[in-house]
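Each chain is listed here by its residues.
Protein chains: 2
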Amino acid sequence: MSLLVVGSVAFDDVRTPFGEAKGVLGGSATYFSIAASFFTDVNLVAVVGDDFPDECVELFRDHRVNIEGLERRAGETFRWSGEYGFDLNATTLATHLNVFETFDPKIPESYRTCPYVFLANIDPVLQLRVLEQIEAPELVACDTMNFWIEGKPDELTDTLRHVDILAVNDSEARELGRQANIYQAAQAILAMGPSGLIIKRGEYGALMFNDGKVFAAPAYPLETVFDPTGAGDSFAGGFMGYLANVGNVTDDTIRQAIIMGSVMASFNVEAFSLDRLRGVTYEEIHDRFRAFRRLVHFEDLDPDDFVHFGLGS
Amino acid sequence: MSLLVVGSVAFDDVRTPFGEAKGVLGGSATYFSIAASFFTDVNLVAVVGDDFPDECVELFRDHRVNIEGLERRAGETFRWSGEYGFDLNATTLATHLNVFETFDPKIPESYRTCPYVFLANIDPVLQLRVLEQIEAPELVACDTMNFWIEGKPDELTDTLRHVDILAVNDSEARELGRQANIYQAAQAILAMGPSGLIIKRGEYGALMFNDGKVFAAPAYPLETVFDPTGAGDSFAGGFMGYLANVGNVTDDTIRQAIIMGSVMASFNVEAFSLDRLRGVTYEEIHDRFRAFRRLVHFEDLDPDDFVHFGLGS
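Protein sequences appear in the order of chains A and B.
In this text, residue positions in the first sequence follow our numbering: the first is 1, and each later residue adds one.
In this text, residue positions in the second sequence follow our numbering: the first is 1001, and each later residue adds one.
Hints should not be assumed to be uniformly reliable.
[As the list claims (entries may be wrong)] Pairs of lysine to aspartate or glutamate residues, derived as EDC-like cross-links and limited to a Cα-Cα distance of at most 16 Å, are as follows:
id, chain 1, residue 1, chain 2, residue 2
1, A, Lys152, A, Glu109
2, B, Lys1106, B, Glu1058
3, A, Lys213, B, Glu1223
4, B, Lys1213, A, Glu223
5, A, Lys213, A, Asp252
6, B, Lys1152, B, Asp1170
I should point out that these hints are in silico values taken from the structure, not numbers from a laboratory.
Please read these numbers as outputs of a predicted model, since none were measured by experiment.
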């Protein structure tokens, strides 16, 4: 199954406790599409300026990402600069939207029957406009953020009616669902339209609510977390890419997809930009998937070992 | 296997977004011993004032907790008052140590051969003094906090040399291990003596590091978290109680014990004080243990479903 992503392509200046990188390739659609490219055909929709160099285009080509929908406009590419402390929380130092400010995603004819769609974190009005250009998608997932939850709540509500799976972080879920309790916030969000909700919790992993069920996935406790930029988008890329690969969406495949998203995010944070993610091998992907299985595995209670102690019966 | 716990018995004034409770029974050794009492014989060492009423003693008796080591002294029982915001983080409003200020735990003769020992969060000097009174324990676990990590680092280091498993929270682990990265902090702590380290992460669950392995357990996403007081101590009680019940400490039983700790903590936070925990049934314990299994379960990759897409090989 092919996969469509609409989002940003950007240049980032990033400083972490372990070093810094200037003007490196980033953006939600970039991380998403490279992560997803290991699993399926990816069709990219984004905008860049006339400063966007061929070597960056090459990265997409090497990963067989379809860039027919990568619009090139006069002006500069979106630039973000940010800094991470030892707690790995980001502080945005500067955001220059540049050509991204007037981004009006046009979906190429050849993308319009794409069955799997991911709307990265952009204006919910644009997210809905993208969906209007697509014919009967099978699975639509989207990301959003506090900026839109607070600034365009009605537009976001409209968009969510057409979305199957929403991915947000803890605080966004609490704000959108208007509940401090994460379980109750999730139920409130599911009542808005999506049948599935992913709550991204950074170094604590992710929760998935769907169909009355909950799935909890840890993040992999890595020896080195070098640069968290793009973790959420490479998670989404692994998640959607895996579902498109197996081509069916059940509770079982959704759970595996959450783990595959966690696998791709765990590689991504090991280096700046896409330096680690781009060169990952299938052997590494399989190994880390299995490492996640060992990480959470525990045996059921054995009635021969565990005996009731006579209380609480 | 019988279990010894040394810690506090207290009266708490607690305010949460959902209500308040005044002068209710609390304290680390209380939560620990009631949680553990479902699994094994518990021997309690703590101190209370002459204000400690018979009905509180009855709770221990009902749960067959041995209170020979519950010292009663002239003066008032330890009192803590705190408040939880919507984020469920505690703000301490007042701490009156009272008789606990000069607590000098004396281990009754009949407790001294107890094979499983839990040292709740008290002065590391007292923790070590407790261990000196015990004959060849099989498993010693302990808790500590920033106050001792900062205030008595050398004494804490001495104590840790005699401890098998340390349980602390995220920020305590980072401070004690002097590393921002939690994996690296864990390795630094394990180099201080303990063979196992539990990192308690509240609503995000727990991590266990032991013998080169890592185990990640989620917290149960509860519909109602009413009062987080005692969650860490009821976790420890379920953990140590389970290990004492099955009577052997392996990677498998440690993982089950972490889940059993999470089960008991999840019940405890559903009501004020010990109101929920004290009346839990074995059926509820088994059901929630199984709910944890469903919460984290995912299938392995199926080579017939998941196909390599030609990259990354």
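Do the hints match the structure? See the list:
1. A:Lys152 with A:Glu109: violated, 29 Å
2. B:Lys1106 with B:Glu1058: The hint is violated at about 22 Å.
3. A:Lys213 with B:Glu1223: Measuring from Cα to Cα gives roughly 13 Å; hence the hint holds.
4. B:Lys1213 with A:Glu223: Cα-Cα ~13 Å, so holds.
5. A:Lys213 with A:Asp252: holds, 11 Å
6. B:Lys1152 with B:Asp1170: violated, 19 Å
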